[in-house]
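Using my numbering, the first residue of the sequence shown is number 2, and each one after it goes up by one.
If you are wondering where the hints come from, they were derived from the structure by calculation, not from laboratory data.
Incorrect hints may appear among the rest.
Claimed, not checked - Only pairs whose alpha carbons sit at most 35 Å apart, straight line, appear in this in silico DSBU-like list of lysine-lysine:
1. Lys-311 - Lys-189
2. Lys-189 - Lys-178
3. Lys-230 - Lys-72
4. Lys-72 - Lys-189
5. Lys-41 - Lys-311
As the list claims (entries may be wrong) - Label pairs and their calculated CB-CB ranges:
6. Asp-125 - Leu-164: 30 to 38 Å
7. Asp-125 - Leu-56: 28 to 36 Å
8. Arg-5 - Lys-189: 40 to 48 Å
Just so you know, these numbers come straight off a predicted model, no measurement behind them.
Idealized CB from N, CA, C, for every residue including glycine.
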Amino acid sequence: MSKRLRLLSFALYDSAETVLGALVFSTLYPLYITEHLDTKVYSALYGFSFFLSFLLALQLGRVADSRGLRKRFFIFFSLGVPLMGLVLHLTFEVPTVNFLFYLLLALVHQQALVFYNSLLKSFDARGVASGLGVAVGYVGSAVALLFLAPRVELPQAFIWVSLIFFLLSLPSLLTLKEPQERQQVRLKELLKDRRFLFLMGSILMLMELAHTLIAMMGVYLREVYALDKQEIYRVIGLSALGGVLGGAFFGLLTDRMSAERLFPFGFFLWAGFVVLLYFTPESMLLPLGLLAGLCLSHLWTTSRVLLLEKFTEGDVSVRFSFYSLSERVASTVGLMVWSFFLLVTGGQYRLSALLMLVFPLLGLVLYLLSDRRFKVKGF
Numbered sequence: 002m003s004k005r006l007r008l009l010s011f012a013l014y015d016s017a018e019t020v021l022g023a024l025v026f027s028t029l030y031p032l033y034i035t036e037h038l039d040t041k042v043y044s045a046l047y048g049f050s051f052f053l054s055f056l057l058a059l060q061l062g063r064v065a066d067s068r069g070l071r072k073r074f075f076i077f078f079s080l081g082v083p084l085m086g087l088v089l090h091l092t093f094e095v096p097t098v099n100f101l102f103y104l105l106l107a108l109v110h111q112q113a114l115v116f117y118n119s120l121l122k123s124f125d126a127r128g129v130a131s132g133l134g135v136a137v138g139y140v141g142s143a144v145a146l147l148f149l150a151p152r153v154e155l156p157q158a159f160i161w162v163s164l165i166f167f168l169l170s171l172p173s174l175l176t177l178k179e180p181q182e183r184q185q186v187r188l189k190e191l192l193k194d195r196r197f198l199f200l201m202g203s204i205l206m207l208m209e210l211a212h213t214l215i216a217m218m219g220v221y222l223r224e225v226y227a228l229d230k231q232e233i234y235r236v237i238g239l240s241a242l243g244g245v246l247g248g249a250f251f252g253l254l255t256d257r258m259s260a261e262r263l264f265p266f267g268f269f270l271w272a273g274f275v276v277l278l279y280f281t282p283e284s285m286l287l288p289l290g291l292l293a294g295l296c297l298s299h300l301w302t303t304s305r306v307l308l309l310e311k312f313t314e315g316d317v318s319v320r321f322s323f324y325s326l327s328e329r330v331a332s333t334v335g336l337m338v339w340s341f342f343l344l345v346t347g348g349q350y351r352l353s354a355l356l357m358l359v360f361p362l363l364g365l366v367l368y369l370l371s372d373r374r375f376k377v378k379g380f
């Protein structure tokens with residue numbers, strides 16, 4: 002099987018996942034279900050589904066890692082995503098039942114992502130595969146939001162998204178390979194691995210900042226610079242372009258330098274962005290948007306390769322269960338801290354954003370604790 006075909010297949014799946022996330026999880030479904038269900042109930046149950054997904058992924062990951070079933074689980078759950086989309090279409094007129102199937106869709110989707118990331122281990126050029134996935138994923142997200150979102154509504158959107166997801170994921174179902182390594186995993190031993198937990202903590206700090214940026218950038222641009230919607234879209238559009246360019250660039254650089262050497266650069270990259278966000282005049286917002294995309298693509302490209310380089314042998318699926326959980330709960334703490342900073346600064350958006358430096362700084366500390374080259378007493 003052509004290596005280029007496998008790389009393209011891996012990237013197309015990333016695009017399928019972002020189309021699903023952009024249209025269903027982030028926009029159309031929350032707007033629909035919160036008309037029938039209290040927002041607090043929706044948020045609580047949706048968040049709880051991620052915790053259940055994590056517990057399930059740990060158990061399934063143990064089985065997959067010990068028996069070499071990662072590819073089979075990946076196929077099973079990936080096919081389950083469009084199937085659940087069809088069920089959501091059929092149950093649309095009964096919101097309570099529909100919401101239960103939506104939670105099941107979220108659970109199935111999370112399992113598919115865990116095993117999708119674990120298959121990255123089968124690539125020789127893991128940086129290129131990861132970076133290409135990020136780049137194509139940004140393209141998929143942009144296309145979904147610019148061209149599909151204004152034209153589709155629920156419940157028909159369930160059909161369209163299910164079809165798009167199936168078509169974009171099919172090449173990966175057919176071409177990706179099962180990693181050769183197998184390993185019996187003991188969760189108690191994994192949870193005692195402090196260096197792994199510190200690494201996940203350092204990645205989570207950047208994820209918190211990244212997701213807070215995604216959630217609040219539009220509000221920040223409106224409040225600080227008084228931009229209208231079209232101007233905000235231009236800045237965010239440049240960030241998407243930065244994500245595409247950054248995915249390709251950092252993917253190649255990861256394979257040349259190793260993720261272990263390139264990932265720590267992200268702490269300084271994000272710190273630099275936060276500082277520039279404080280000082281940047283309105284005339285320089287477009288370049289800043291491009292830099293935001295580069296920061297995001299660096300994080301998504303290097304972090305999953307880093308996990309493979311530093312820790313995983315045959316326990317790749319179990320380790321990526323923790324990664325998937327971190328990725329999905331990210332922004333919870335970030336948004337709370339952002340709100341606290343706004344409170345204590347009296348609503349000063351620039352200063353509150355600058356104080357978010359705490360995340361890359363704390364992330365760097367946790368990363369150093371996870372690095373065996375740094376001897377820290379007690380760890």
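Against the structure, the hints come out as follows:
| no. | hint | result |
| --- | --- | --- |
| 1 | Lys-311 - Lys-189 | holds (19 Å) |
| 2 | Lys-189 - Lys-178 | holds (29 Å) |
| 3 | Lys-230 - Lys-72 | violated (43 Å) |
| 4 | Lys-72 - Lys-189 | holds (25 Å) |
| 5 | Lys-41 - Lys-311 | violated (39 Å) |
| 6 | Asp-125 - Leu-164: 30 to 38 Å | holds (33 Å) |
| 7 | Asp-125 - Leu-56: 28 to 36 Å | holds (33 Å) |
| 8 | Arg-5 - Lys-189: 40 to 48 Å | holds (42 Å) |
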